[in-house]
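Chemist: Heads up: the sequence lines are chains A and B, in that order. The letter at position 48 of the first sequence is residue 48 when you use the working numbering, and the numbering goes up by one with no holes. The letter at position 58 of the second sequence is residue 58 when you use the working numbering, and the numbering goes up by one with no holes.
Please keep in mind that the hints were generated in silico from the structure rather than gathered at the bench. Hints should not be assumed to be uniformly reliable.
[Stated by the list, open to error] No farther apart than 27 angstroms at their CA atoms in a straight line, the calculated lysine-lysine pairs in the DSSO-like style are these:
id, chain 1, residue 1, chain 2, residue 2
1, A, 29, B, 28
2, B, 28, A, 53
3, A, 2, B, 28
4, B, 92, B, 28
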Amino acid sequence: MKQLYTWSAIVVIVLASTTGDVLLSHAMKQVGDVGELWRRGGLMALLARVLRKPQFLLGLVAMALAFYSLLFGLSWGDVSLVAPASASLTFVANAIAARIFLQERVDRRRWLAALLVAGGVALLAA
Amino acid sequence: MTFRKYLVLAGVTVFGAVGDSMLSRGMKEVGSISLSHIPDVILAILNPWVALGIVLLLAFFAAYMTALSWADLTYVLPATSLGYVLLALIAKFVLHEQVTATRWLGILLVSGGVAFIAGGPARTHLTPHDKPQESMPEPVTSRMGS
Chain A
1 MKQLYTWSAI VVIVLASTTG DVLLSHAMKQ VGDVGELWRR GGLMALLARV LRKPQFLLGL
61 VAMALAFYSL LFGLSWGDVS LVAPASASLT FVANAIAARI FLQERVDRRR WLAALLVAGG
121 VALLAA
Chain B
1 MTFRKYLVLA GVTVFGAVGD SMLSRGMKEV GSISLSHIPD VILAILNPWV ALGIVLLLAF
61 FAAYMTALSW ADLTYVLPAT SLGYVLLALI AKFVLHEQVT ATRWLGILLV SGGVAFIAGG
121 PARTHLTPHD KPQESMPEPV TSRMGS
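Construct the complete structure from the given sequences, taking the supplied hints into account.
Modeler: Structure, rendered in structure tokens:
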């Protein structure tokens with residue numbers, strides 16, 4: 001039963017942090033090059049532009065949800081399982097989600113990179 | 001990709017890894033907080049390591065958002081995963097922890113992934129300004145390098 005809880009927490013962490021990353025990435029792509037905007041309009045105009053994006057705020061909510069699920073997951077399972085499993089699965093989930101929702105061209109190079117990093121992270125924290 | 005943009009990616013990597021290890025060190029000093037004393041979490045920022053860690057993680061978030069404003073998610077995430085390697089190196093050389101063979105293999109895999117991604121374009125998705133050409137090598141960087 002405890003294992004079921006732990007893996008459910010891992011699934012929630014992966015889904016929430018992938019949702020958060022995709023929303024934040026989507027918002028920032030719409031905002032455009034931050035450095036250029038800062039030079040043109042100053043920091044306040046830049047912040048106002050970012051904070052007006054609903055995807056940005058929703059992304060923050062999703063990230064907070066991921067963070068709290070991580071805390072719960074850590075209270076149910078070992079840190080050596082929860083942290084690497086959720087981190088490395090998030091890399092793979094992000095590659096899939098970025099392809100579907102952000103229309104990024106995830107070619108063989110990017111797939112290999114995502115899988116290598118996911119495997120490496122799993123080993124690092126093992 | 002300009003030098004300044006590599007600096008931002010380095011910022012994401014370093015601020016994230018160092019911020020996390022400072023938070024971890026600080027929270028160990030604070031001790032475990034029980035669910036019935038959640039407000040104690042607020043007092044935890046009185047610990048200098050926790051406070052410094054939060055500042056660094058804010059810097060991490062700013063650098064991360066900056067990177068996402070001109071690069072793909074599937075570029076930024078692997079490119080900044082060197083932070084995991086940095087954490088392992090901090091563990092070995094600063095905290096004098098044992099780094100096992102499994103971990104060295106992990107470092108090797110992560111570095112290999114980063115090398116793969118670094119050779120490709122930072123941005124592939126099509127903005128309204130870009131022409132839908134499949135084989136455009138670096139549409140955004142060539143425009144913004146000027």
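Chemist: Each of the hints needs a verdict: does it hold here or not?
Modeler: Hints and how they fare:
Of the supplied pair hints, the one linking residue 29/A and residue 28/B is violated, its CA atoms being roughly 38 angstroms apart against a limit of 27 angstroms. For the hint pairing residue 28/B with residue 53/A, the CA-to-CA distance comes to about 37 angstroms; that exceeds 27 angstroms, so the pair is violated. About 25 angstroms separates the Cα atoms of residue 2/A and residue 28/B, which keeps this hinted pair within 27 angstroms; it holds. Taken as a hint, the residue 92/B and residue 28/B pair is honoured in the structure, with Cα atoms around 18 angstroms apart against an allowance of 27 angstroms.
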